[in-house]
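Chains as they are written, first to last, in full-length UniProt numbering: chain G, 1 to 113; chain W, 1 to 113; chain H, 1 to 113; chain C, 1 to 113.
I should point out that these hints are in silico values taken from the structure, not numbers from a laboratory.
Hints may contain errors.
What the simulated footprint calls covered on chain H by chain W, stretch by stretch (three residues with Cβ under 8 Å from a Cβ of chain W suffice, anywhere in the stretch; the number is not a length) [to be verified]:
hint: 1; region: 26 to 37
hint: 2; region: 42 to 56
hint: 3; region: 84 to 98
Please read all numbers here as calculations on a predicted model, not as lab measurements.
Even glycine gets a Cβ: it sits at the ideal position worked out from N, Cα and C.
Protein chains: 4
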Amino acid sequence: MTTTEAGAAAPSEDNGHETVTYGYHHQKGEHLKRLRRIEGQIRGLQRMVDEDAYCIDILTQVSASTKALQSFALQLLEEHLRHCVADAAVKGGSEIDAKVEEATKAIGRLLRT
Amino acid sequence: MTTTEAGAAAPSEDNGHETVTYGYHHQKGEHLKRLRRIEGQIRGLQRMVDEDAYCIDILTQVSASTKALQSFALQLLEEHLRHCVADAAVKGGSEIDAKVEEATKAIGRLLRT
Amino acid sequence: MTTTEAGAAAPSEDNGHETVTYGYHHQKGEHLKRLRRIEGQIRGLQRMVDEDAYCIDILTQVSASTKALQSFALQLLEEHLRHCVADAAVKGGSEIDAKVEEATKAIGRLLRT
Amino acid sequence: MTTTEAGAAAPSEDNGHETVTYGYHHQKGEHLKRLRRIEGQIRGLQRMVDEDAYCIDILTQVSASTKALQSFALQLLEEHLRHCVADAAVKGGSEIDAKVEEATKAIGRLLRT
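The shape of chain G in the complex, shown without the other chains (with noise of 0.2 Å):
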């Protein structure tokens, strides 16, 4: 729950990304203690390979890593919907069309893997 000053220095041009980018910004430093934690966990199972460690728990620690990363999509995912796709809305037009779209595809390929 880091804050940025995000948009302070911001530029007043309104690219649809650039707002984008605000929705995560806030959240940037926790964002990236979790993919730290993530990193440390992939280096682990590299350890539990090399030490010959049980396969069931190496399993068990790849679930653990996949759910991480899904729980840190989650809320990359929650904070994109609540900026960039509700600011597409706002704005009007056909944008919001082409950012729900966008989003429902993210969706799915989360869903598959």
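Chains W, H and C: place on chain G using the hints.
Relative to chain G, chains W, H and C alone:
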């Protein structure tokens, strides 16, 4: 949880859910067709079990049914984002936060199954 | 999607599939009961769509049905491993490789849905 | 796929886990390579967050990492079934039940993430 007597009698009042309902109303026929197909798949599974089909073949059919359910969910979700969530954004106020949180939780439940 | 006329007429010949069939034969009644419950859930989904239930409530019910299907698959898989795969191992020869590869592919399909 | 000369240089003590270890021992190099690639993907994710990449692009990369983890798990599982579970079946006794139950639970955890 909530039930809506959507639009039918009272198109003018604008409670949050009404618009959602409209969202998939358009595709109601298509949704029902999809669900009936899935129901047919489940009955097919019963027949397979009953006729002692090979386990792996049953599992293949389970995967197909699960995929069909996920795909139905994804379409419903897309309509929900396009209508209900977008509408909340346009309305302004704090409803968008509640709607996004609710949608994210639903996505989380889909991911976890 | 092979169908087996398992065991019925020919209990003495020992083709790979027969043993598998025995695997879940024991639980046939339980499996059918589970599948009928899932069929009921799918019909419940149709009712929800028909009565314009709230999207999120429908998605919650989809998650429950998907979970029930996965749980059915998992039980079937357990019986398959216990009977068919284990039998192939005991018999010796190369069949175990084929059986394990087949089971792994089925698990992969479940994971990807 | 792989053949094991398991036990070749093997110590004489025969505790359940040892055989499992042989299972993926052969592929240890390959497994470590895969895991290092996944570690690289996670570091790539950190870079993306740090450089304010577009949410959807980050989500796509998360899906790829999750898929890579699942695929690693699937390979490990295949080796586990081929070696540990098959060995327990050959040995006879009740160990096969415990091994199958353990493997099924691990698969259940993978499915649920």
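Cross-check of the supplied hints:
1. 26 to 37: holds (count 5)
2. 42 to 56: holds (count 12)
3. 84 to 98: violated (count 1)
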